[in-house]
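Novice: Protein sequence lines, in the order shown, are assigned to chains A and B.
Quick note on my numbering: the first sequence kicks off at 35 and runs consecutively.
Quick note on my numbering: the second sequence kicks off at 35 and runs consecutively.
Calculated directly from the structure, the hints in this document are not laboratory data.
Where hints are given, some of them may not hold.
Treat identical chains as interchangeable: a pair holds within one or across any two.
What the hints assert, rightly or not - Straight-line distance between alpha carbons at most 30 Å, and here's what the computed DSS-like set of lysine-lysine pairs gives:
{"#": "1", "residue 1": "Lys45", "residue 2": "Lys61"}
{"#": "2", "residue 1": "Lys46", "residue 2": "Lys101"}
{"#": "3", "residue 1": "Lys45", "residue 2": "Lys92"}
{"#": "4", "residue 1": "Lys92", "residue 2": "Lys61"}
{"#": "5", "residue 1": "Lys118", "residue 2": "Lys61"}
{"#": "6", "residue 1": "Lys118", "residue 2": "Lys86"}
{"#": "7", "residue 1": "Lys46", "residue 2": "Lys92"}
{"#": "8", "residue 1": "Lys101", "residue 2": "Lys86"}
{"#": "9", "residue 1": "Lys45", "residue 2": "Lys75"}
{"#": "10", "residue 1": "Lys84", "residue 2": "Lys118"}
{"#": "11", "residue 1": "Lys58", "residue 2": "Lys84"}
{"#": "12", "residue 1": "Lys86", "residue 2": "Lys61"}
Protein chains: 2
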Amino acid sequence: MLKVNVYVTLKKEILDAQGLVIRKAIKQIGYENVNEVRFGKFIQLEIDDKNKSEEEIKKEIDYLSDKLLSNPNIENYRFEMVGK
Amino acid sequence: MLKVNVYVTLKKEILDAQGLVIRKAIKQIGYENVNEVRFGKFIQLEIDDKNKSEEEIKKEIDYLSDKLLSNPNIENYRFEMVGK
Chain A
35 MLKVNVYVTL
45 KKEILDAQGL
55 VIRKAIKQIG
65 YENVNEVRFG
75 KFIQLEIDDK
85 NKSEEEIKKE
95 IDYLSDKLLS
105 NPNIENYRFE
115 MVGK
Chain B
35 MLKVNVYVTL
45 KKEILDAQGL
55 VIRKAIKQIG
65 YENVNEVRFG
75 KFIQLEIDDK
85 NKSEEEIKKE
95 IDYLSDKLLS
105 NPNIENYRFE
115 MVGK
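Whole structure, please, built from the sequences with the hints as guidance.
Specialist: Encoded structure:
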């Protein structure tokens, strides 16, 4: 069983409303030194990689990240395999 | 300026409804080998660390993660400093 972490983040040019709200809240409780907050998704997958090459698995995660886990119009993703 | 990544995940014993929906969707498009999906948050902070020790910054991130970025009743968090 392969563990994979997928990180989905809003593209730089997209306004991050959730991040702005959190930054405001952080400032309100007195932390003036937090200048930017970007809010994203962190998805952990457990994949059965039996009988599949690393190449095939990577292709599969790429496909899933693009089609299901992110919205390519406004988000970027990256993933890393973190072990068995 | 210090960059910090905070990862917020549901505790193991908490039902992850979002993760289950995604897993179902993944199976529906034909990927039977994805056995678990856990859905979490990925928050990127930019912190002005001038005049602060690493110790102080860590305490600050700990506090913010506990009070604002996560719900300690149902979520865990971890963070890492990823550079300047």
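Novice: Are any of the numbered hints broken by this structure? If so, which, sorted upward?
Specialist: As far as the earlier hints go, not one is violated by this structure.
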